[in-house]
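S.K.: Spelled out from the first residue to the last, the chains are:
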Amino acid sequence: MFSRKKTASRTRLFFATDIHGSEQCFRKWLNAAKVYEADALILGGDVTGKVLVPLVAEADGSWRGSLYDRPLHAKDSDELAGLEKQIRAMGRYPVVVDPDEKAELDVSPEHVDVVFRRAMRETLAQWVALAEERLGPLGIPAYTMLGNDDFDDLADVLRGSHVVTYAEDGIVELPGGYEMLSIGYSTPTPWHTSREISEEQVQAKVDELAGRLRDPSTAVFNIHCPPYDTHLDQAPLLDENLRPVVDASGLRMASVGSTAVRSSLETIEPLLGLHGHIHESAAAQKLGRAVSVNPGSDYGDGILRGAIIDLDQAKGVKRWQLVQG
Amino acid sequence: MGVGSVTERDTSAAEVAGPGASYYTRQATGLVREISVGSNIALNVSFVSLPLAALVATEAPFSFPGANPFWVTVICVVLCIVPTLLYGMLTRVMPRSGGDYVFVSRTIHPWLGFAANFNISAWYLLVIAYFGYLLAPFGFSPAFTALGTATHNSTFLRWGVTLGTSKIWGFVIGAIILVLCAALMSLSLRRALRIYGVIFLFSLLSVVLSIIVLAIHGRGDFMSSVSQYGGNYNTIIADAHKAGYAGSATFSFKNTILAMPLAFASFGYAIVSAYAGGEVRSARAKSLRAMLYSLAISGILVALLMGLALRTFGNNFLGSATFLSNTGSKQYPFGSPAFFFFFVSMVAHNPVLIAVINFSYIAAYVVALPATFLIVSRNLFAWSFDRVLPDKVSDVNPRTHSPIVANVIILIVTLVYLVLIIWGTTGFLEIFYTAGIAELLTFFVVAVTGILFPVLRRELYERSPIRGSFLGVPIISLVGIGALVIYALFFYPLATNNALGANTTLGWVITGVIAGIGILGYPVSYLLNRARGVDLSLAFKQLPPE
Numbered sequence: 001m002f003s004r005k006k007t008a009s010r011t012r013l014f015f016a017t018d019i020h021g022s023e024q025c026f027r028k029w030l031n032a033a034k035v036y037e038a039d040a041l042i043l044g045g046d047v048t049g050k051v052l053v054p055l056v057a058e059a060d061g062s063w064r065g066s067l068y069d070r071p072l073h074a075k076d077s078d079e080l081a082g083l084e085k086q087i088r089a090m091g092r093y094p095v096v097v098d099p100d101e102k103a104e105l106d107v108s109p110e111h112v113d114v115v116f117r118r119a120m121r122e123t124l125a126q127w128v129a130l131a132e133e134r135l136g137p138l139g140i141p142a143y144t145m146l147g148n149d150d151f152d153d154l155a156d157v158l159r160g161s162h163v164v165t166y167a168e169d170g171i172v173e174l175p176g177g178y179e180m181l182s183i184g185y186s187t188p189t190p191w192h193t194s195r196e197i198s199e200e201q202v203q204a205k206v207d208e209l210a211g212r213l214r215d216p217s218t219a220v221f222n223i224h225c226p227p228y229d230t231h232l233d234q235a236p237l238l239d240e241n242l243r244p245v246v247d248a249s250g251l252r253m254a255s256v257g258s259t260a261v262r263s264s265l266e267t268i269e270p271l272l273g274l275h276g277h278i279h280e281s282a283a284a285q286k287l288g289r290a291v292s293v294n295p296g297s298d299y300g301d302g303i304l305r306g307a308i309i310d311l312d313q314a315k316g317v318k319r320w321q322l323v324q325g
Numbered sequence: 001m002g003v004g005s006v007t008e009r010d011t012s013a014a015e016v017a018g019p020g021a022s023y024y025t026r027q028a029t030g031l032v033r034e035i036s037v038g039s040n041i042a043l044n045v046s047f048v049s050l051p052l053a054a055l056v057a058t059e060a061p062f063s064f065p066g067a068n069p070f071w072v073t074v075i076c077v078v079l080c081i082v083p084t085l086l087y088g089m090l091t092r093v094m095p096r097s098g099g100d101y102v103f104v105s106r107t108i109h110p111w112l113g114f115a116a117n118f119n120i121s122a123w124y125l126l127v128i129a130y131f132g133y134l135l136a137p138f139g140f141s142p143a144f145t146a147l148g149t150a151t152h153n154s155t156f157l158r159w160g161v162t163l164g165t166s167k168i169w170g171f172v173i174g175a176i177i178l179v180l181c182a183a184l185m186s187l188s189l190r191r192a193l194r195i196y197g198v199i200f201l202f203s204l205l206s207v208v209l210s211i212i213v214l215a216i217h218g219r220g221d222f223m224s225s226v227s228q229y230g231g232n233y234n235t236i237i238a239d240a241h242k243a244g245y246a247g248s249a250t251f252s253f254k255n256t257i258l259a260m261p262l263a264f265a266s267f268g269y270a271i272v273s274a275y276a277g278g279e280v281r282s283a284r285a286k287s288l289r290a291m292l293y294s295l296a297i298s299g300i301l302v303a304l305l306m307g308l309a310l311r312t313f314g315n316n317f318l319g320s321a322t323f324l325s326n327t328g329s330k331q332y333p334f335g336s337p338a339f340f341f342f343f344v345s346m347v348a349h350n351p352v353l354i355a356v357i358n359f360s361y362i363a364a365y366v367v368a369l370p371a372t373f374l375i376v377s378r379n380l381f382a383w384s385f386d387r388v389l390p391d392k393v394s395d396v397n398p399r400t401h402s403p404i405v406a407n408v409i410i411l412i413v414t415l416v417y418l419v420l421i422i423w424g425t426t427g428f429l430e431i432f433y434t435a436g437i438a439e440l441l442t443f444f445v446v447a448v449t450g451i452l453f454p455v456l457r458r459e460l461y462e463r464s465p466i467r468g469s470f471l472g473v474p475i476i477s478l479v480g481i482g483a484l485v486i487y488a489l490f491f492y493p494l495a496t497n498n499a500l501g502a503n504t505t506l507g508w509v510i511t512g513v514i515a516g517i518g519i520l521g522y523p524v525s526y527l528l529n530r531a532r533g534v535d536l537s538l539a540f541k542q543l544p545p546e
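Those protein sequences? They're chains A and B, same order as listed. Heads up: the first sequence runs through residues 1 to 325, numbered per our numbering. Heads up: the second sequence runs through residues 1 to 546, numbered per our numbering.
It cannot be assumed that every hint is accurate.
Said to hold, decoys possible - With a straight-line cut-off of 30 Å between C-alpha atoms, the simulated BS3-like cross-links for lysine-lysine are:
hint, chain 1, residue 1, chain 2, residue 2
1, B, Lys-254, A, Lys-286
2, A, Lys-318, B, Lys-392
3, A, Lys-34, B, Lys-242
4, A, Lys-34, A, Lys-85
5, B, Lys-167, B, Lys-330
6, B, Lys-254, B, Lys-242
7, B, Lys-541, A, Lys-318
8, B, Lys-541, B, Lys-392
9, B, Lys-541, A, Lys-315
10, A, Lys-102, A, Lys-75
11, A, Lys-315, B, Lys-392
12, B, Lys-541, A, Lys-286
13, B, Lys-330, A, Lys-85
14, A, Lys-85, A, Lys-75
Everything labelled a hint here was simulated from the structure, so no lab data went into it.
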């Protein structure tokens, strides 16, 4: 990655976020440790997918579905496995159903909910097992948390690992002795997602966790929501129908980050801010003394966007680089 | 939870479907509806400068005698369908803004991505400066000349002549508009964009009013107007021919084809929305269709304008007047350079109408600046975030939160360009069309990217909404080949024909220097970064997916 010389005072972090169920991105995250020579892996929130793709069993023993309005067809179980892999790579959950269950999914949002939650839980459990298999022998610590798009009850799945540390709502110590506080909630969004809290609540959480830090000036703030009015929080402005607003100047963009996060970074001045939430706003920016990073997300393409950050005992954030692996 | 057919921003869930839904969504961030076709068309049309396309009316018959501006427009628009398709397809696969920089870097190599993107950005800056320069002689000068004649106001007439010929005033007006543009982009982007939207709508008035004026007034009216402005229609044609103008009323297919780069300067840039609209992904073909509709609408409007211009002014007159004007002939009778909107103003007579047509045309110059400015500033950010440029370049002002460093860089470079255009060698003045040559170099790289994409990024291609083949060849590769051929068709006349002055020695030298800086810039940055311990090659390096 950066220089291959490894010094005792340097700690290299690899941070990715918002992979939204993309198995390919998760596997890349695990592989990033070796490729980028990272001392620790951090996965920001929003680990679960948003789309369920039914593959319907046909009378002739094949399965049919569609992707991007393009028909999918698997003639045997090998082809079905291939289709499922392809769908998972894009952050979508394949669900194999018979015509009756498909009909039920079509009319019952409750049933869709049940299937979604089952798919999320099973996928996360598989991912944790994979992480233990891959990272365990390497001895590289890894940290995860949930985001605003994930359901609270999934924390149990992530907590169950002896290799991956569930970091949310607490303080963990990274290699090099740097403390990291983690908050996966976001401020309110137009979608009223499952884990949203007010600016005041964000501020209270940051204050509470920051108050427990030994030395806030050497801490990492792993906060899903990016700071307000920065390069990191620019998203398309939406109208009341959730349609992007376009005018003669092009697509209208707006700041959608958190004012509480911004003021915390500016007043507490930690070493580093790690953020996500806004996929289209990959950027890094200094706020006060803190370098804040949002690597963005291209999970749908199976591309893992991430940030490589070198922390130095003497120099703080010595280097950062955004990558698209 | 929603049941729906889905496209993506991420994933733009939207239309609620019932039985037979092909997938299901849940309540999650980023599930947005697609931009409506109408809005998408407006977005794309805004990047095709309709008023500037009017340059074809005067420059085509002047530079390529016998070229028919109507057919130049129509053929160019039809040919531009293929490159537009290419950009539309690449944007569907790699939707984040950044355009060619992202397409090329991800598909081939970031070195080539940077070189191609640097090249086109540097030339965009020159075009910004050029628009600043054109404001006085082709914006304010015809406006005041036409107003002065219509109102018999000698002050306006004097201003018209001064603004059409004075280098100092050319620089002052150009510099003011460049500084204002930079200031607006630096103070408040949102406010600037709102103002921009209003100016854009105003700029379209020149096109609409011109169509009406030309539909009402025929050749006879125009001949009388020429007399009123101190000239004689037939004498202008005769003088030009006597002075060496080879044009005639006879249609030349060859010259019509050769003149197409003139129209490409407008229609070739419908693809620019790939930079600006790319944040919202559409997995569907809706946005791609909107790009094509926009091209068709713009093409029809400009073709209508050209057709009416031929009827009212006549091809021979347009070429002859432009010949006398551009060669500085004393036989040129008007106070302003030969120019489409100036001729429209001559037949308009009504001072208010003249003022609206001309000032809305001036607005067309002005609106061309912020969009291009924004594209270059976004490119600077992208290079900075990827560490090719120092991270200082993406610094923002802590008080205004605006990208002050990037904007200052753009302003300084455009002002230097402006000085060179006005006080540099005459060759520099002709470099506008060299920009066509140079920018086509980047378009060539993008076309090659489209051809190679299914091979070099097979996995991404296989999962993408653009997957599909014809006779076993991926459609995007075929479109890429088509685009390459069409770009070559635009490149050839610019590179080989002296009429437009695109191929001057100075033009080639500057093209080479800028391309060279782009090519050398990446390795230099790579070495400097390596000395600091940063490996630039990792920015787009693929991680093992298993």
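S.K.: With the threshold set at 30 Å, check whether the alpha-carbon distance from Lys-254/B to Lys-242/B stays at or below it.
M.R.: 24 Å, holds
S.K.: Decide if the proposed pair is consistent with the structure: Lys-254/B and Lys-286/A, CA atoms, cutoff 30 Å inclusive.
M.R.: Violated, at about 57 Å.
S.K.: Holds or violated: are the alpha carbons of Lys-541/B and Lys-315/A at most 30 Å from each other?
M.R.: 27 Å, holds
S.K.: Compare the distance between the alpha carbons of Lys-34/A and Lys-242/B with 30 Å, and conclude whether the hinted pair is satisfied.
M.R.: 77 Å, violated
S.K.: For a C-alpha distance cap of 30 Å, please report whether Lys-167/B and Lys-330/B respect it.
M.R.: 19 Å, holds
S.K.: Given the hint that Lys-541/B pairs with Lys-318/A, test it: the Cα-Cα distance must not exceed 30 Å.
M.R.: Between Lys-541/B and Lys-318/A the Cα gap is close to 22 Å, so the pair holds against 30 Å.
S.K.: So if I understand the rule, the pair passes when the alpha-carbon distance is 30 Å or less; does Lys-318/A with Lys-392/B pass?
M.R.: Given pair Lys-318/A, Lys-392/B holds - Cα atoms ~15 Å apart, limit 30 Å.
S.K.: Keeping to a limit of 30 Å between CA atoms, is the pair of Lys-34/A and Lys-85/A held or broken?
M.R.: Holds, because 24 Å separates the two Cα atoms, which is no more than 30 Å.
S.K.: Between the alpha carbons of Lys-315/A and Lys-392/B, is the straight-line distance 30 Å or under?
M.R.: 18 Å, holds
S.K.: Under the criterion that the straight-line Cα-Cα distance not exceed 30 Å, is the pair Lys-541/B, Lys-392/B satisfied?
M.R.: 24 Å, holds
S.K.: Check the hint pairing Lys-85/A with Lys-75/A against an upper bound of 30 Å on the C-alpha distance.
M.R.: Since the Cα atoms of Lys-85/A and Lys-75/A sit roughly 15 Å apart, the hinted pair holds (cutoff 30 Å).
S.K.: Lys-330/B and Lys-85/A: Cα distance at most 30 Å?
M.R.: This hinted pair is violated, its Cα atoms lying about 75 Å apart.
Checked against the numbered hints given earlier, this structure breaks hints 1, 3 and 13; the rest are met.
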